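Based on the hints, put chain B in the right spot on chain A.
Protein chains: 2
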Amino acid sequence: MNRVYNFSAGPSMLPLSVLEKAQKELVCYGESGMSVMEMSHRSKMYEEIIFKAEADLRQLMNIPENYKVLFLQGGASMQFAQVPLNLLSAYQTGKADYINSGNFANLAMKEAKRYGDIKEVASSKAQGYSQIPDWDEKKFRADADYFYICMNNTIYGTRFTKLPQTGNVPLVADISSCILSQEYDITKFGIAFAGAQKNVGPAGVTIVIIRDDLLGHALDITPTMLNYQVMAEKDSMYNTPPTYGIYMAGLTFEYLLSQGGVKAMEQRNIEKARILYDFLDESKLFHNPVRKCDRSLMNATFVTGDADKDAAFVKAATAAGFVNLKGHRSVGGMRASIYNAMPEEGIVKLVAFMKQFEADNK
Amino acid sequence: MNRVYNFSAGPSMLPLSVLEKAQKELVCYGESGMSVMEMSHRSKMYEEIIFKAEADLRQLMNIPENYKVLFLQGGASMQFAQVPLNLLSAYQTGKADYINSGNFANLAMKEAKRYGDIKEVASSKAQGYSQIPDWDEKKFRADADYFYICMNNTIYGTRFTKLPQTGNVPLVADISSCILSQEYDITKFGIAFAGAQKNVGPAGVTIVIIRDDLLGHALDITPTMLNYQVMAEKDSMYNTPPTYGIYMAGLTFEYLLSQGGVKAMEQRNIEKARILYDFLDESKLFHNPVRKCDRSLMNATFVTGDADKDAAFVKAATAAGFVNLKGHRSVGGMRASIYNAMPEEGIVKLVAFMKQFEADNK
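Chain order of the listed sequences is A and B.
Using the numbering used here, you'd call the opening residue of the first sequence number 90 and step up by one each time.
Using the numbering used here, you'd call the opening residue of the second sequence number 90 and step up by one each time.
No lab work stands behind these hints: they were computed from the structure.
Quick caveat: nothing in here was measured; it's all calculated off a predicted structure.
The reader is advised that the hints may include incorrect statements.
It does not matter which identical chain is meant; a pair holds if it fits inside one copy or across any two.
What the hints assert, rightly or not - Calculated cross-link-like contacts (lysine-lysine; reagent style DSS-like; alpha-carbon spacing at most 30 Å):
{"#": "1", "residue 1": "141", "residue 2": "404"}
{"#": "2", "residue 1": "133", "residue 2": "398"}
{"#": "3", "residue 1": "373", "residue 2": "277"}
{"#": "4", "residue 1": "404", "residue 2": "133"}
{"#": "5", "residue 1": "133", "residue 2": "438"}
{"#": "6", "residue 1": "184", "residue 2": "113"}
{"#": "7", "residue 1": "199", "residue 2": "277"}
{"#": "8", "residue 1": "251", "residue 2": "184"}
Chain A with its partners taken away, still in its complex shape:
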């Protein structure tokens, strides 16, 4: 069976060489006589794996020493609660500001409302989330405990290309669908977190990068397992971490370093997205509904404007080996998620297929 071009929004494609390495050592890792899945997380062998994964991620993202890197569980959705539980008492106001740029930002905001005084300072809901909201910094609260954004909005195919200026208020960003896809200056964030299942590895690992002054402020009701400080003090091993997922993430980090790191990925991703968006801008059949300046590098949405035609396209594409192109159920249409592991070749071939489909459906 040939590998398909998998445009899934997540879980999504992993680099073939990463999968092949994992396959080779699945039953027996090195000279250990066991699978990584069978290793005690307290063993020296496993510590080498997790600490190397962290070191490689620090190198890839240029993470300063005053930031902790945590490997947690529960995905971004768990962070929607974990962030307010840990930060809402940081400066004792219990306030946080949110930009509502889509479904996941909205869910995060709703969840935070259980725990504090939450303000939506900008929203693009009225535009169907087809753009990043325009914001007015005068509406930001200077005494908020944190300020929250979702950097890349997977469902709609939008991304922040500049950051809101929040002054001394720590900026918290969900970078689940853009981590390692382009260079970010981590020092601009108080917390940046990401579920692994897009650019990192299998689902079940959440990466949390947190500035160390934000540790130690958890509300009393915070479960121990959701207390960032506890996890930071225990190097993410307060209890058994998702050992195999972290190992897979480490393989991806090694692969990215071998490919020139995030700078090289960013250049490739810009070119990959350009090929697809250029076609969408030319096409008479397909078009991208997003405000141009806000277009995502990772998720390109497109529609024909005719639901039957959309469905026919998805069906034909699937049969041709371009799978998971159906848009999110909440918006319909199509979406090509083109994370780091999607080769340029996959996009070139998809565009050729779309051109042919367009010619056949005039």
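Quick look at chain B alone, frame taken from chain A:
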């Protein structure tokens, strides 16, 4: 490299045939053209995997229809908070009774104290947890929202062989280190939960089996991700579940069914434990410190009474391919964790090695 005999308490040995099957299909699952790790959790292909895993587990454990089976994240330690967050308002008293049979029961009890009126109704702390506590049912509170036990105490090598009679109060059991090792009557429990990394699969999956009348009572402060009802309604896919870990668990379930199910495992485990305990009872060097009636089938602890000799034994055993025999740091000595995946041959060879060590160290 030959496989070692891995006596780790968890993560621990998995059946070789399970690992080999996972290896074979790691890069490409069936005709899918992708790895299981790359599959959208919303795809039909993945739904088949997770629903079959659930069906097989239901068959293995004879789980009735009025119980939900959830695949969650965070390990047993997350359940220490999740149980009180979901049950402490079930009958509106906010009370729960705990039996303190060891470190993990104690941690669970401490965590629950954040959320309600928690009573320790029995403890074996004074005995160094070398036995299951004797209990007096008159001390149990009839109006408690739940009653909590840890069925098998990994660190000390003890297990409950009978259940406390709690009347109408739902019994909640941490079965992390004994799930699928012997037959349990699930109808005796309100909730039984287990981290996967002992008898099921890789770390990062938590199995929660919950009677459906216990759903829907979560405290307001409960994070959405920790609300059993939300996860039950969404078949564990409120957000992206740990897809690969669940797939691996499913492979183990298939394997167990092919081996005759839990009844067959129980017979094998009784025999495996007998071989080891019989030797420990005869040995002049090694002895098992646990009250005989409470001995675990899964974790057999033993000591020489001399810390230097213990260390020398662990070192020699490791060199001979019997690894991870060091006892938990809190109790010292040795521990052989002999979960389902440990073949009888591993125990026979370990006993032979111990006999030789004893002869050499007279």
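Could you place residue 133 and residue 438 in one of the four classes (within, between, both, neither) given a Cα distance threshold of 30 Å?
Result: close only across copies, 25 Å inter versus 45 Å intra.
If the cutoff is 30 Å on CA atoms, where do residue 184 and residue 113 land: within, between, both or neither? Let me know, please.
neither (50 Å within a copy, 51 Å between copies)
Within, between, both or neither: how does the pair residue 199, residue 277 come out at a Cα-Cα threshold of 30 Å?
For residue 199 and residue 277, the Cα distance is within 30 Å only inside one copy (25 Å; across copies 37 Å).
Between residue 373 and residue 277, at a C-alpha cutoff of 30 Å, which is it: within one copy, between copies, both, or neither?
neither (41 Å within a copy, 64 Å between copies)
For the identical chains here, do residue 251 and residue 184 meet the 30 Å Cα criterion within one copy, between copies, both, or neither?
The answer is within: 23 Å in one copy meets 30 Å, while 50 Å across copies does not.
Can you tell me if residue 141 and residue 404 fall within 30 Å by alpha carbon in one copy, between copies, both or neither?
Between copies, since 26 Å is at most 30 Å while 42 Å is not.
Treating 30 Å as the Cα threshold, decide for residue 404 and residue 133: within, between, both or neither.
between (49 Å within a copy, 15 Å between copies)
Up to 30 Å CA-CA - residue 398 versus residue 133, copy category:
Classified as between; 22 Å across copies, 56 Å inside a copy.
In summary, the numbered hints that this structure violates are 3, 6.
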